[in-house]
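Please take these sequences and the hints and turn them into a complete structure.
Here our numbering runs 277 ahead of the position in the sequence shown, where the first position is 1.
Please note: incorrect hints may appear among the correct ones.
Here are the in silico distance ranges between beta carbons for each label pair [unchecked claim]:
| no. | residue 1 | residue 2 | range |
| --- | --- | --- | --- |
| 1 | GLU461 | ILE308 | 21 to 29 Å |
| 2 | HIS351 | SER317 | 40 to 48 Å |
| 3 | PRO445 | LEU465 | 37 to 45 Å |
| 4 | ILE442 | TYR348 | 22 to 30 Å |
| 5 | LEU421 | SER458 | 22 to 30 Å |
| 6 | HIS351 | LEU324 | 36 to 44 Å |
Derived from the structure by calculation, the hints contain no laboratory data. All C-beta atoms in this analysis are idealised placements derived from N, C-alpha and C, irrespective of residue type, glycine included.
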Amino acid sequence: MDERSSLLDNQQQQNPDLLSPNLRPRHPNLIPTPCGPIKSWSELSVLVRLYFCFTLASLLALLGVTSSSIYKQHMNTDVSDEDNFTVSLIQLIGIWFCIYYISRGVLQENRQELVAFVLSVLGVMIRSVVNFSVVGSKGKQELLARFVCIVCLGVVHVFCTTLLIWRPNMMAFRVSGALESLQEQYFLLNLCFSMVTFDLQTQVHFILLLSQKAKKEQAEGFEKVCLFYWRGFRAS
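Structure below.
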């Protein structure tokens with residue numbers, strides 16, 4: 278009996294395919310990175326590769342359009358242009374975070390990052406719609422190209438990324454093995470990492486808004502002080 282069991286053990290060691298799927302070793306082809314292991318490019322399906330390249334290309338195009346808007350608004354000195362400059366800067370940061378989210382979401386099969394990507398895209402779309410609706414006719418002409426690109430591409434990204442979220446995900450098993458406790462730890466680690474990144478994005482947006490508000494209040498306060506001294510000088 279002992280000889281038979283030892284023989285079976287030797288056969289299983291020589292041929293890993295005889296092992297149960299839950300007992301097989303982890304996949305060795307994952308690429309280690311500071312943000313966690315990622316899949317190699319060859320492991321992605323053709324459709325996922327096409328969508329990933331399309332997403333990166335469209336986001337880079339939006340970066341170019343937004344950077345052009347920022348440069349034009351920075352050259353002007355109107356108050357409305359300063360407000361649009363702040364919104365455009367927030368949009369630029371949001372697009373950079375979108376690139377980060379979609380990269381981790383696709384290469385790591387990370388659903389939390391894909392959800393964060395969808396939320397970020399929706400945030401960029403909402404800010405673009407609100408900004409386009411409140412600016413004047415001159416501002417609408419300048420922002421029309423960016424507005425159309427963001428809304429049209431945003432709808433496509435939200436739809437396609439939602440399909441990716443519902444795809445089967447084996448990354449937790451490949452990284453953590455068959456134990457459910459380790460898979461839960463991997464899930465919670467990714468969730469915390471995504472929440473921290475999303476919180477960082479939100480805080481950067483608030484800092485930009487508060488700095489713009491403080492700049493306005495400082496300018497108004499300086500004008501009031503100058504007016505006060507001018508009236509005092511005229512009275513004397």
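Of the hints given before, which are not true for this structure? 3, 4 and 5
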